[in-house]
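Asker: Sequence:
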Amino acid sequence: AELDARYQEMTTEAAGDAARAGLLSWRIGELQTSMDSLTERRDQAIAEMELARRRTSELRALADDYKRSLPALQDRLIILPDIEDELGRQRSERKAADPTG
Numbered sequence: 001a002e003l004d005a006r007y008q009e010m011t012t013e014a015a016g017d018a019a020r021a022g023l024l025s026w027r028i029g030e031l032q033t034s035m036d037s038l039t040e041r042r043d044q045a046i047a048e049m050e051l052a053r054r055r056t057s058e059l060r061a062l063a064d065d066y067k068r069s070l071p072a073l074q075d076r077l078i079i080l081p082d083i084e085d086e087l088g089r090q091r092s093e094r095k096a097a098d099p100t101g
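Position one of the sequence shown corresponds to residue 1 (our numbering), numbered consecutively onward.
Watch out, some of these pointers could steer you wrong.
[To be verified] Dumping the calculated SDA-like pairs for lysine to any residue here, alpha-carbon to alpha-carbon at most 20 Å:
1) Lys67 - Arg55
2) Lys95 - Leu80
3) Lys67 - Thr56
4) Lys67 - Ser57
5) Lys95 - Glu84
6) Lys95 - Ile83
[As the list claims (entries may be wrong)] Across the chosen pairs, the derived CB separations fall in these ranges:
7) Asp4 - Ser25: 28 to 34 Å
8) Arg41 - Arg76: 50 to 56 Å
9) Glu13 - Ser34: 26 to 32 Å
10) Arg6 - Asp43: 52 to 58 Å
11) Ile46 - Tyr7: 30 to 36 Å
12) Leu59 - Ser34: 48 to 54 Å
13) Ala18 - Ser57: 56 to 62 Å
14) Met35 - Glu58: 32 to 38 Å
15) Glu30 - Leu51: 27 to 33 Å
16) Asp64 - Asp43: 28 to 34 Å
17) Ser34 - Lys67: 44 to 50 Å
To be clear, the hints were calculated from the coordinates, so they are not data collected in a lab.
For glycine and all other residues, C-beta sits at the position ideal for the given N, C-alpha and C.
Sequences are here, hints too, so could you generate the full structure?
Answerer: Here's what the structure looks like:
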């Protein structure tokens with residue numbers, strides 16, 4: 001009787017150990033899948049950050065180039081007279097030239 005009880009206890013303990021081992025192996029698989037997913041998301045975030053850094057650097061370089069070239073471009077700037085002022089001046093000249101008009 002004692003031997004049967006001891007055998008039953010060991011059998012129950014072994015079944016419990018087997019069940020725990022099964023749950024642990026399932027949980028390890030789930031955790032590995034989660035880790036793989038998180039690692040992939042991390043790698044994507046790092047790649048996006050690197051791309052943003054490169055773009056920012058390129059935009060800064062472009063802005064610096066524009067700032068450096070601006071003085072040279074301003075020398076080529078042609079200022080046109082205000083059309084209303086020019087038309088008014090021409091009318092005044094015509095009236096002054098033709099007093100009957």
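Asker: State for each hint whether it applies.
Answerer: Checked hints:
| no. | hint | in the structure |
| --- | --- | --- |
| 1 | Lys67 - Arg55 | holds, 18 Å |
| 2 | Lys95 - Leu80 | violated, 24 Å |
| 3 | Lys67 - Thr56 | holds, 16 Å |
| 4 | Lys67 - Ser57 | holds, 15 Å |
| 5 | Lys95 - Glu84 | holds, 17 Å |
| 6 | Lys95 - Ile83 | holds, 18 Å |
| 7 | Asp4 - Ser25: 28 to 34 Å | holds, 31 Å |
| 8 | Arg41 - Arg76: 50 to 56 Å | holds, 51 Å |
| 9 | Glu13 - Ser34: 26 to 32 Å | holds, 31 Å |
| 10 | Arg6 - Asp43: 52 to 58 Å | holds, 54 Å |
| 11 | Ile46 - Tyr7: 30 to 36 Å | violated, 57 Å |
| 12 | Leu59 - Ser34: 48 to 54 Å | violated, 37 Å |
| 13 | Ala18 - Ser57: 56 to 62 Å | holds, 58 Å |
| 14 | Met35 - Glu58: 32 to 38 Å | holds, 35 Å |
| 15 | Glu30 - Leu51: 27 to 33 Å | holds, 32 Å |
| 16 | Asp64 - Asp43: 28 to 34 Å | holds, 32 Å |
| 17 | Ser34 - Lys67: 44 to 50 Å | holds, 49 Å |
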